[in-house]
Amino acid sequence: MNWLATYTLLRKEVKRWRKVWLQTVLAPVITALLYLAVFGHVLEGRVEVFPGVSYGAFLIPGLLMMSVIQNAFANTSSSLIQSKVMGSILFILLPPFSALEMFFAYIGAAILRGLAVGVGVYLVARFYVGVPIENYAIIFAFAFLGSYVMGALGLIAGMWAEKFDQIAAFQSFLIMPLTFLSGVFYSINSLPPFWSALSQWNPFFYMIDGFRYGFFGQSDQPVMTSLVIMIVAAVALTGVCVKLLASGYKLRDA
Amino acid sequence: MNAITIENIKKSYGDVEALKGISLEIKKGEFFGLLGPNGAGKSTLISALAGLLKVDDGHLSVMGHDVVAHYRDARKALGVVPQEIVMDPFFSVRETLEFQSGYFGVANNGEWIDELLEQLGLADKADKNMRQLSGGMKRRVLIAQALVHKPEVLVLDEPTAGVDVELRQSMWRFVRRLHRDGHTIVLTTHYLEEAEELCDRIAIIDKGQLIALETKEDLLARGLGSTLLVRAKSAVTSVPEAYTDKVVKQDNNEIELTFNRDTDSVMDILDDLRANSIDIDYVSVLNDSLEDVFVRLTGQEAGENS
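So the sequence lines, in the order shown, correspond to chains A and B.
Quick note on my numbering: the first sequence kicks off at 468 and runs consecutively.
Quick note on my numbering: the second sequence kicks off at 3 and runs consecutively.
Please note: incorrect hints may appear among the correct ones.
[Unchecked claim] Distance condition first, Cα-Cα at most 25 Å in a straight line; then the derived SDA-like pairs of lysine to any residue: (1) K12(B) with L718(A); (2) K12(B) with G41(B); (3) K551(A) with K251(B); (4) K130(B) with Q549(A); (5) K717(A) with V88(B); (6) K209(B) with K482(A); (7) K630(A) with A713(A); (8) K140(B) with A713(A); (9) K482(A) with E100(B); (10) K209(B) with S45(B); (11) K551(A) with D126(B); (12) K209(B) with R719(A); (13) K717(A) with D58(B).
Don't read these hints as lab results, they were simulated from the structure.
Please put together the full structure from these sequences, using the hints given.
And the structure:
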């Protein structure tokens with residue numbers, strides 16, 4: 468492992484999103500706040516998902532996690548497709564990077580962007596409605612694993628895509644539906660049995676559900692189940708990404 | 003020691019054979035020219051050397067390191083200046099070079115980066131964003147990026163395409179200095195006069211095959227063709243029958259004819275012309291340029307699409 472090379476690529480990837488923070492951090496924070504303002508206002512007092520938890524408070528962890536994972540995905544996928552289209556991927560392909568070094572650098576930057584957006588949403592949302600914190604470690608673990616998994620998915624999407632619109636399609640047809648149907652805005656226990664059962668096949672559900680547990684100490688599924696599913700997903704995606712990077716899938720020989 | 007060893011490299015894209023089993027060795031410290039018409043396979047070969055594509059068969063090594071099995075050592079020994087101008091629009095020139103240096107595992111490289119910036123006339127552009135640079139300046143940054151980890155072998159893939167004369171000359175001054183300092187330089191170009199001026203040894207690739215691999219002098223001699231220009235004191239009406247095939251131009255009192263330096267004697271030709279009552283006033287001999295040899299070998303002008 469060449470730590471300097473890995474750290475340099477991580478630093479470059481972080482600098483990339485920091486230079487355009489209006490788009491990469493502030494914009495998703497504003498989007499999350501709009502959801503919170505509209506849905507929180509319309510549904511406040513009408514829905515009580517967990518006993519003793521207001522709808523506005525219930526919504527915050529879901530919106531927070533949604534912002535975290537969407538931005539982690541956006542970071543790796545947009546960085547790769549951009550450098551592929553512009554040709555600057557060459558500067559990453561010529562140096563002696565191993566697949567694992569590339570993976571950790573890209574994922575690390577995606578996690579840091581996910582967490583930055585998450586902290587941003589949390590700090591601003593707190594002004595709107597108070598939300599308890601039950602367990603910091605669980606919150607951090609799910610934010611970390613969620614952005615890790617989504618960063619890895621973004622890496623695969625970025626390697627696979629040849630054009631920007633393919634990334635957009637990935638986001639619109641896969642990431643958005645799975646996120647919206649994962650229980651960001653509701654508890655899956657409130658759904659009809661069929662949809663509730665179906666939701667349990669949605670991996671995003673476990674990200675949101677476990678993350679929410681960290682705030683309220685309550686969740687639809689046991690938190691350990693969600694944690695194990697997330698760890699398994701992270702390990703599996705690491706394997707897939709490293710294998711693809713090592714083979715140069717759609718990067719070398721393209 | 004060989005700086006680059008290329009052994010029987012084959013690469014196909016579907017039915018198209020881009021490289022049909024090329025073998026060649028480039029010695030340490032050489033200034034080597036890799037020539038060929040567009041589409042001949044030069045860039046494919048360089049991409050294979052840089053690990054940017056996988057070959058179907060054969061082996062490549064840089065400074066004795068196999069580019070697949072020991073890719074880390076091979077890539078550390080190699081600097082590549084790509085043909086296309088590419089850049090990362092997020093960063094300044096200095097950031098670009100610092101990142102590239104780190105990617106190769108070279109820490110605290112500020113002094114060498116400053117020297118590169120100075121040598122390539124980029125010192126006043128160091129903090130400018132890459133987007134603000136002109137095409138020529140971006141090209142210089144690419145050269146600096148290729149050199150930032152001090153590779154022993156530098157490959158320049160058509161580095162002067164679309165570059166103005168002044169930049170081209172300053173670039174060559176710099177590359178010559180690198181060569182003097184012991185770097186092995188591999189140059190692909192279709193400005194043949196550049197190869198003729200700079201390279202010690204030249205390979206010509208055509209349609210994925212090596213069709214010549216010689217020192218520049220041998221390659222030039224291999225053309226063996228020369229042109230004899232004869233100006234007569236009065237209009238030339240006829241030439242001896244033996245030479246009618248060799249006349250390339252006849253204009254009033256001037257004739258130009260080709261001859262083979264190995265088999266023909268200029269004195270004999272001139273004697274024959276005098277015997278044909280041509281009163282010779284002035285004679286000049288032009289040897290084939292690399293361009294002439296290239297055209298003869300590949301059947302194409304340099305840079306022409308195959």
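Comparing the hints with the structure gives:
1. K12(B) with L718(A): 20 Å, holds
2. K12(B) with G41(B): 15 Å, holds
3. K551(A) with K251(B): 53 Å, violated
4. K130(B) with Q549(A): Satisfied, since the Cα-Cα distance of roughly 21 Å is no more than 25 Å.
5. K717(A) with V88(B): 18 Å, holds
6. K209(B) with K482(A): 44 Å, violated
7. K630(A) with A713(A): Roughly 22 Å separates the two Cα atoms, so the pair holds.
8. K140(B) with A713(A): 30 Å, violated
9. K482(A) with E100(B): 13 Å, holds
10. K209(B) with S45(B): Within the cut-off at roughly 12 Å; holds.
11. K551(A) with D126(B): Answer violated: K551(A) to D126(B) is near 29 Å, above 25 Å.
12. K209(B) with R719(A): Answer holds: K209(B) to R719(A) is near 23 Å, not above 25 Å.
13. K717(A) with D58(B): 17 Å, holds
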